Amino acid sequence: RFSYEGIDTEDRLTTPMIKRDGEWQAADWDSALQLVADKLKAAAELKAQQLVAEKAAAENTEADDASEAPVEAEDADAAEPVSAEMAAFVSANSTLEEQYLAQKLLRGLGSGNIDFRLRQSDFSDQASAPVMPWLGQNIEQLEKLDAALLIGSNVRKEQPIANLRLRKAVVNNNAQISFLNPRLYDFNYAVANNIAVAQQNMVAELAAIAAAVFKLSGNSAPASIADAVTKAQAGASHEAIAQQLNDADSATVILGNIAGMHTEFSALRVLAEAIAKETGSSFGYLTDGANAAGAWLAGAVPHRGAGGTTDDVITGKNVAELMGEKLAACLLLNIEPDTDAANAQQLMATLDYADFVVSVSAYESASLKRVADVMLPAACFMETSGTYVNAEGFWQSFKGVVEAKGGARPAWKVLRVLGNLTGIEGFDYLSSADIKNEVRSSCESIELSNAIDNAAKVAINATKGLQRASDVPMYAADAIVRRAASLQNTVDAQSICVRLNSAEAERLGVSAASTVTVKQGDSSVVLPLVIDESIPDASAWIPMAVEGNDLLGSAFAAVSIEAMTSEAVGA
Numbered sequence: 058r059f060s061y062e063g064i065d066t067e068d069r070l071t072t073p074m075i076k077r078d079g080e081w082q083a084a085d086w087d088s089a090l091q092l093v094a095d096k097l098k099a100a101a102e103l104k105a106q107q108l109v110a111e112k113a114a115a116e117n118t119e120a121d122d123a124s125e126a127p128v129e130a131e132d133a134d135a136a137e138p139v140s141a142e143m144a145a146f147v148s149a150n151s152t153l154e155e156q157y158l159a160q161k162l163l164r165g166l167g168s169g170n171i172d173f174r175l176r177q178s179d180f181s182d183q184a185s186a187p188v189m190p191w192l193g194q195n196i197e198q199l200e201k202l203d204a205a206l207l208i209g210s211n212v213r214k215e216q217p218i219a220n221l222r223l224r225k226a227v228v229n230n231n232a233q234i235s236f237l238n239p240r241l242y243d244f245n246y247a248v249a250n251n252i253a254v255a256q257q258n259m260v261a262e263l264a265a266i267a268a269a270v271f272k273l274s275g276n277s278a279p280a281s282i283a284d285a286v287t288k289a290q291a292g293a294s295h296e297a298i299a300q301q302l303n304d305a306d307s308a309t310v311i312l313g314n315i316a317g318m319h320t321e322f323s324a325l326r327v328l329a330e331a332i333a334k335e336t337g338s339s340f341g342y343l344t345d346g347a348n349a350a351g352a353w354l355a356g357a358v359p360h361r362g363a364g365g366t367t368d369d370v371i372t373g374k375n376v377a378e379l380m381g382e383k384l385a386a387c388l389l390l391n392i393e394p395d396t397d398a399a400n401a402q403q404l405m406a407t408l409d410y411a412d413f414v415v416s417v418s419a420y421e422s423a424s425l426k427r428v429a430d431v432m433l434p435a436a437c438f439m440e441t442s443g444t445y446v447n448a449e450g451f452w453q454s455f456k457g458v459v460e461a462k463g464g465a466r467p468a469w470k471v472l473r474v475l476g477n478l479t480g481i482e483g484f485d486y487l488s489s490a491d492i493k494n495e496v497r498s499s500c501e502s503i504e505l506s507n508a509i510d511n512a513a514k515v516a517i518n519a520t521k522g523l524q525r526a527s528d529v530p531m532y533a534a535d536a537i538v539r540r541a542a543s544l545q546n547t548v549d550a551q552s553i554c555v556r557l558n559s560a561e562a563e564r565l566g567v568s569a570a571s572t573v574t575v576k577q578g579d580s581s582v583v584l585p586l587v588i589d590e591s592i593p594d595a596s597a598w599i600p601m602a603v604e605g606n607d608l609l610g611s612a613f614a615a616v617s618i619e620a621m622t623s624e625a626v627g628a
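According to our numbering, the residues represented by the sequence shown are 58 to 628, in order.
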């Protein structure tokens, strides 16, 4: 409830700002919006010209091949082609209406490069993902469970209301709730099996549970997981989980936030669904952010439009594919790039390299001031009307309860005007309800299902050495709570550090160190060291979404750790 403190802060953006000659200057709304619209239209026109040129070049190449005409060498000093790629990165905490208009604007300009999944790493099976990954049951059903397996989930801190339902199931039904995580988390109820392994070993561990499940049923595992199940070694805890799910009248298998960020998310998804199907359990997701479900329905993904349709939809690249691309224009909607991405370092570099970046946000954070060319002040969720869709699939509409600060405007209105100024049809909305109704009309025929069609083959990859792992601390999840002073004074607030268990610290020779040097790829940073026995072997835990998150690369990658040298100490 103290998140309200994050609304009135020193870096709250209250007037449009334009960067001129490297300096930020206040601007009026009309000038700022027209500048953004002109930049977006220019990028769209350039993209259209490039598509025509590419088509003509392809036709000429075919003609040259047919005539076997000689091809002259290209001039080595020829200028690098100018990029016309556009992109939009959208927050999972934006409203349904904002997410929908962002993708409608971008696709209206000819680009499908839109994504809200900035904390996701594995997109290999996105084509077979549900239209809307959902809980697989109503929320009330959680307290009626007899057994559950949660994979990659710190549900107590990430979804406290869902955790309360699970606690009721344990207290009232003696439910057997088990977890598979990349570290040991504390829960406020008795846990049947609390398995913690390094994140690189989670697929093998889940395969062991699947092996126990199919051994119990006597059935053959599906072809997609057969090899992984055969190679898995099931132990007592795996067999106990299999038995509990199998014997329960009401059971569920759920993938949590951390699973969704995992570098082998697709493998975890296939294994979890197979376990659920074989044990007669429901299968679902606990999703990241306030409105991830809404983002899927709104079409804020590159491979599907609103309502999950693929018919006549301009498709594009996901966030991982866009990293390192030269962007002609990029829209950031309620995003802080140094904290809201699984690889914030790479995102910041991509935005630095872009020709034009516009941020629609309530804040003028240091990272936005660094990468953006225009900042447009948006209303916070308390100051705007809109809709969130929860993990159950329930649409929750609300009205603003306080006036927007300064000259800030609801983001849906900002996007509506940009749609009008760029000449895109269908942006004549009078209210957020008009937008919601348009999205709802695209979702009328949806039947929610988490079933996986054409499951990819799961392989157990043997990864050796120390690997970085991570999660998003409770009070670092979004821009508002990161700015709420009272929340940042709690035990759940975290700052950048590296956590190792005592045995791992001993192996690395850093047991007596208070600070260490962490190296990841080409990056190196000095961090405080915390000895924490909840961290598994072969794992270095560095939190995401906190200040300093962009100093290293991916939140899940190989790292090395060593004691600081005397030169580093002196520096």
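Incorrect hints may appear among the rest.
To be verified - Derived lysine-lysine pairs resembling DSSO-like cross-links, with alpha carbons at most 27 Å apart:
1. Lys96 - Lys456
2. Lys96 - Lys470
3. Lys76 - Lys104
4. Lys470 - Lys456
Claimed, not checked - Have a look at the derived ranges for each label pair, beta carbon to beta carbon:
5. Trp86 - Asn195: 51 to 59 Å
6. Gly457 - Thr72: 16 to 24 Å
7. Asp369 - Arg497: 18 to 26 Å
8. Gln106 - Arg564: 23 to 31 Å
9. Ser552 - Gln91: 16 to 24 Å
10. Gly292 - Ser506: 27 to 35 Å
11. Ala280 - Pro217: 37 to 45 Å
12. Asp369 - Lys112: 32 to 40 Å
Just so you know, the hints here were simulated from the structure itself, not pulled from any lab data.
Quick caveat: nothing in here was measured; it's all calculated off a predicted structure.
Built from N, CA and C at the ideal position, the CB exists for glycine as well.
Now the hints, each set against the structure:
1. Lys96 - Lys456: Between Lys96 and Lys456 the Cα gap is close to 32 Å, so the pair fails against 27 Å, i.e. violated.
2. Lys96 - Lys470: Between Lys96 and Lys470 the Cα gap is close to 19 Å, so the pair holds against 27 Å.
3. Lys76 - Lys104: holds (25 Å)
4. Lys470 - Lys456: holds (14 Å)
5. Trp86 - Asn195: 51 to 59 Å: violated (43 Å)
6. Gly457 - Thr72: 16 to 24 Å: holds (19 Å)
7. Asp369 - Arg497: 18 to 26 Å: holds (19 Å)
8. Gln106 - Arg564: 23 to 31 Å: violated (58 Å)
9. Ser552 - Gln91: 16 to 24 Å: This hint is violated: roughly 41 Å between Cβ atoms.
10. Gly292 - Ser506: 27 to 35 Å: Because 33 Å falls inside the window, the suggested range holds.
11. Ala280 - Pro217: 37 to 45 Å: Holds: the Cβ-Cβ distance is about 39 Å, inside 37 to 45 Å.
12. Asp369 - Lys112: 32 to 40 Å: Violated, at about 20 Å.
Of the numbered hints given earlier, the model fails hints 1, 5, 8, 9 and 12; all others are met.
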